[in-house]
Amino acid sequence: MDRRTFLKTSAAAAAVGVVAKPYIARAQGGPIRIGLLAPLTGVVAAGGREMVDGFNMYWEERGNEIAGRKVEVIVEDDAANPDTALQKARRLVEQSNVNMLFGNLLANTGLAVANYVKGNGMPYFIPIIAADDLTQRNRIKNVVRVAGYTASQFPRPLADWALKQGYKKVATISQDYTFGHEQCGGFCQTFTEGGGQVLGQFWHPLNTSDFSPYLGQLANLGVDVVFAMETGADATRFMQQYAAFGLKGQIPLVGAMNMTDQSVIRTMGDEVDGVVVAAHFAEGSPDPVTQAFVAAYVKKFNKLPSLYGFSMYSGAMWVDEALKTIKGNAEDRDAFLASVSKTDLTGSPLGQTVKLDSYGNPIYDVHIRKVVKNKDGKYWNAPIANYPNVSQFWKYDPVTYMKQPPYSREFQGIKKG
Amino acid sequence: MSLSSPASTDGPKVTLARVAITIGALAFALLPLVVPIYQVSILTEILIFAVLAMAVDVLAGYTGRTPLCHGAIFGVATYVVVYWSQMGGSPYVGVLLGVMAATLVAAIFGLLAIRTSGVYFLLLTLALGMIVWGVCLRWTSVTGGENGLRGTVRPEALAGHLPFYYAVFAVVGLITIVMWRFVRSPFGLTLRGIRDSESRMRALGYDVSLHLFLAFTISGFFAGLAGALYAMFNDFVSPSTVALSQSVEGLLMAITGGVGTLFGAFIGAAAIIGLENLVSLYTERWQSVLGLMFIAIMIFAPEGVIGRVRDLLTRRR
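Same order as they appear, the protein sequences are chains X and P. Heads up: the first sequence runs through residues 1 to 417, numbered per the working numbering. Heads up: the second sequence runs through residues 1 to 317, numbered per the working numbering.
Pulled out of the complex, with its shape left as it was, chain P reads as follows (with noise of 0.2 angstroms):
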């Protein structure tokens, strides 16, 4: 296989890459046990974004097309959960229900977004996620408008603090081999190529067109699932959640982990999660230190957390 992952050619970096990830998983799984009640439900908050982060590292790292309407398709499966339950139904089921409305979304917007790429490709799943902020925000009857939706989605034997961080830790750890296998697979492997030449992936016989189509769905099947997991986080949805903001956080998060690396959202959402909470604690002009940070980021690490890291070491040795 030609297209093999430059990873498995260096021996000592997977090592290291394998202790860095047990590390990460090691303190995701102890920190709750000695960190203040509140700074768990931060932690919670980390892993659920690290999943929209990494469905948008599918598409932006491992298939060359950078999506804003992200944030869009995981409130589309918050939306679709909250409502579920203010109807009085399962939780579970409300969850598969949301899963499978972002999924769809996520299917119809891959229809229409593969034709394209590049900065058209940007601009057309902005406009499509601004779409579902449109419809969240005007059709009042169902979406409750600008005051959103109220529900008590989170099943009682998950009510407190710790026992859903660790439901979550649970979903997120399972999320996370998926994905990784996914990226990883034949199919994975086929993307990267169609990021990287896409005309010549086209001329070796792959149907370029099909697998953008399905690595967007299943990207927002994963974004969907992120989406569900914050609909029992926070018992509640409103506008902002589908809002571009929202897309642009996904985005960023991916970003400043490291696109392309998959483990990098894990660090992106808890670099953006835990600054927001840390900065807003001292200044009320939290948002414009953010913007600087990013500003720095993309001036001094354009590769991000993970991208940096890996290049310091090539450098060193």
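Bound conformation, chain X alone (with noise of 0.2 angstroms):
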């Protein structure tokens, strides 16, 4: 044998011996097994990165159970691509033999996701993934949002405020996709039938580097504020820009409340001071429960929570809640999400309780925030004003609501008139 032969054969061992490790014992009545899938590599990677530490510092906390039934988390990179998602899904369900899946990020995995476990009834818990569609007209049973939200739900109390604050008319920037067109949609809807005018809607693709036609478009035409809806890097560019071309100061700026989340502003300066969002969730919310929750994520991880973050605590917290009611008996589907829909999750950072209403979707008391510096000289979300008892629904009947298409960017839902 000479030494590529050797070295061949010695690799194709150590590949055999790398298969048959990572087989994993199955047992009933064993460990609660929850399939974890986050996007820890490609473009939202840090975001996901979030969502595990949230998600493993409840585990933590309680000390891995429930029930007296110890949880195993299995953590699955999506890789940002659903065909990875459903790939990943499938080897959880299927091989990994986990209780339920939690996660995803980008819509279109969670989309993905959720078309795959629609055939087999696992239970899939969406505390980030916001498509309007999986809550309302195209809702699946076993897809439960819980500690998540819909992205038209929180621009409407925000187009609301506006509304309060004198702004008649209003021109909106966002990314062009369908988490934007619906967030947007929201804001747009419930403005125009407020008795505002949009004067205009830029939609630009993803990771635009340059905003600068974009906002001197904005500037002209004649607007009170501007909705903005960005994510990521993007949110960044165009608060940065935004504040370089003078229009900080002279038209204010509402948006969509990933615009202005830590993940976003924790590396921030002064551009996106005074920027005003609507959500549920505010770390710089005086409430004590809040306080105390942000206190513990600060000393873990040193950062401020993102929604990130806090999403996927709530939601931990929530199945938790969910399945010491039924004594941990995460087998049994049917009882498990009949036991996740009862639950009011009492003890989230919040500081109020949160229910699920009848699609599934949680009903929240919205803030108003506006991003101010906090005492340790740092950028963050106050609470200044506050909407209680928001549905997805705003104040519409559900079932007319749901007769009108998805919004998109041909539809918006504007009044004319």
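In short, the hints are calculated from the structure, not lab data. Just so you know, even glycine gets a beta-carbon here, dropped at the ideal spot from N, CA and C. Fair warning: there could be bad hints in the mix.
To be verified - Reference excerpt, derived from the structure (chain X facing chain P, CB under 10 angstroms, subset only):
(1) Asn81
(2) Asp83
(3) Phe336
To be verified - Computed far set for chain P versus chain X, every beta-carbon distance over 10 angstroms:
(4) Gly148
(5) Ser197
(6) Val248
(7) Met298
Relying on the hints, combine the two individually framed chains into one complex.
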């Protein structure tokens, strides 16, 4: 055997050894297995990491136990790609024998997994995926948005608040994909039904580096307020350029909550000051329960919690509470899902009780929150107004509401007149 | 016939190849009965992507034109099939329409691409593939944009992993035989002639452009078949299915197995999909591991696994 052949055989032997190792023993009444899908690589990897952090933080605090049964969290990377997400979901369900799936960040990955679990009834919890129709027109019984929200849910109270500030004319700028269409749609529908006017809507591709063409037009429309819907690096660049072009201070900027999420503003300076958005969670809320959570998170990870960490933490708590009432019997899926929908989350870091509507989406007291400096000199979101009991249907009747088409670039629910 | 394949002159090697193919086919036929149910879906995926890799190989290996748009052609079929099922149409009609759409797209791309060769062919096909991706991403009202389309494509009878696997196995087996006959046919031999010397073939009186066009279209037809199967497999499609990475993956599978070997596609697909699944169990940096592996293959076995084995066998003797 020459050296080369030896290398090859040993490599092959090593490969076989590796294959044999990851066999996971199965036992009834053993641990409760939770499959967690998060994008740990790809464009939104930072958010994915915070999802895992928030989720694990909860179970560590509770000693990795539900009702006397051990909890085993199996994390899989969905690579921000729906095909990969689907494959990993299959692996978790069919190979790792999980009792439930949790997670995903991007809507397209969540929708792919939702379509898969539709066929096999696996409980799937989506604290981050905000696609409207998952809890509206295309509801799947075993897909529940514990501790999550629908995209169009929070911009509506924001629009109402904007009208009350005397703003009558708005322009919107948003990333051109469904999450943006839905958030802008929610804002525009409420804003125009309340007597406001939409003077212009701009849709730009994801990862736009230069906003100057849009900012120039926004400046010349003569609007009272600008509504922006940006995520990740686009949010950073947009707010920087909004300030650099001198629009900041000239035209008030309101937006979708993901634009001023900690994951974005953590690294930013004065350009984020005073931006107003609407959300259920505000890390700057004076509520003692919220502040206790924020302090614990800061202590553990040395940064203020983002929406991702908060949502996964609360989602874990929700499932924990639900399983406690049925003595940890996660194998009985029907009882489990029924228990989840009946559970009113009392211990939420929001400091208020949260319950699900009959479509599997939570009802929240929504904060209108403003970016201000906290006592440590860091920017965070502090509430300035409150809208109690906001459901995904706002003030509409669910059945009538769902007869209108889903929001898209073409349909924004704008009332003419 | 002066262009006969080199294999036919070498008796023992042919026997060896036959034995290898039989073992391979038997493995794919029997493995699903013994492996856990999740691995069956991996095997299904391997078979489907092997067809894509074979389609790429028809161009890259047998015609000497390396395409970077086959993922897009594959994805066109997937989109049409899922769209059709969403509209409530029969899956079988959907598959037919999907394959037709993919073939049509391939024919149009072929008309444009055959004018070029070498790196220009690579770049042009890359650009054409990106057009498909762009359309799928932006034409939200039809393609669902970033979110993609969901449907229930798989017929009731094939809902389980095993029945579906064997259906795919049968179809892929048939496709493989057809493709094998195709590359060994006089037409396939002409393609090899074009690969080796375009000017000589032209001087011999062959219509090179027509041959290239047909090769491109036929290869697209096979990629479309794979795409239609993939639609049944996933019941879901999004722009990532038509993205550049899909085309690159198809090409890498063909290269890993060995270009110009056809059956290498199965080895390539098995190696890449298998490794993706295995490595990602241990590290979230699995993509880096795969990248390193490709570099290693390019350095130590640029002719692919089958090419390397063939090489070693010749040297032994």
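Hints versus structure:
The closest approach between the C-beta of X:Asn81 and any C-beta of chain P is roughly 5 angstroms, which is under the 10 angstroms cut-off, so the hint is satisfied. Using the Cβ-Cβ criterion of 10 angstroms, the hint placing X:Asp83 at the interface with chain P is satisfied: the shortest such distance is roughly 6 angstroms. For X:Phe336, the interface hint is violated, since its Cβ never comes within 10 angstroms of a Cβ in chain P; the closest pair sits about 22 angstroms apart. Listed as outside the interface, P:Gly148 is inconsistent with that label: its C-beta sits roughly 6 angstroms from the nearest C-beta of chain X, within the 10 angstroms cut-off.
Every CB of chain X is more than 10 angstroms from the CB of P:Ser197 (nearest about 35 angstroms), matching its label as outside the interface. The claim that P:Val248 lies off the interface holds: its Cβ sits roughly 14 angstroms from the closest Cβ of chain X, which is beyond the 10 angstroms cut-off. For P:Met298, the non-interface assignment is confirmed: its Cβ lies about 17 angstroms from the closest Cβ of chain X, beyond the 10 angstroms cut-off.
Hints 3, 4 from the earlier list are contradicted by this structure; the remaining hints agree with it.
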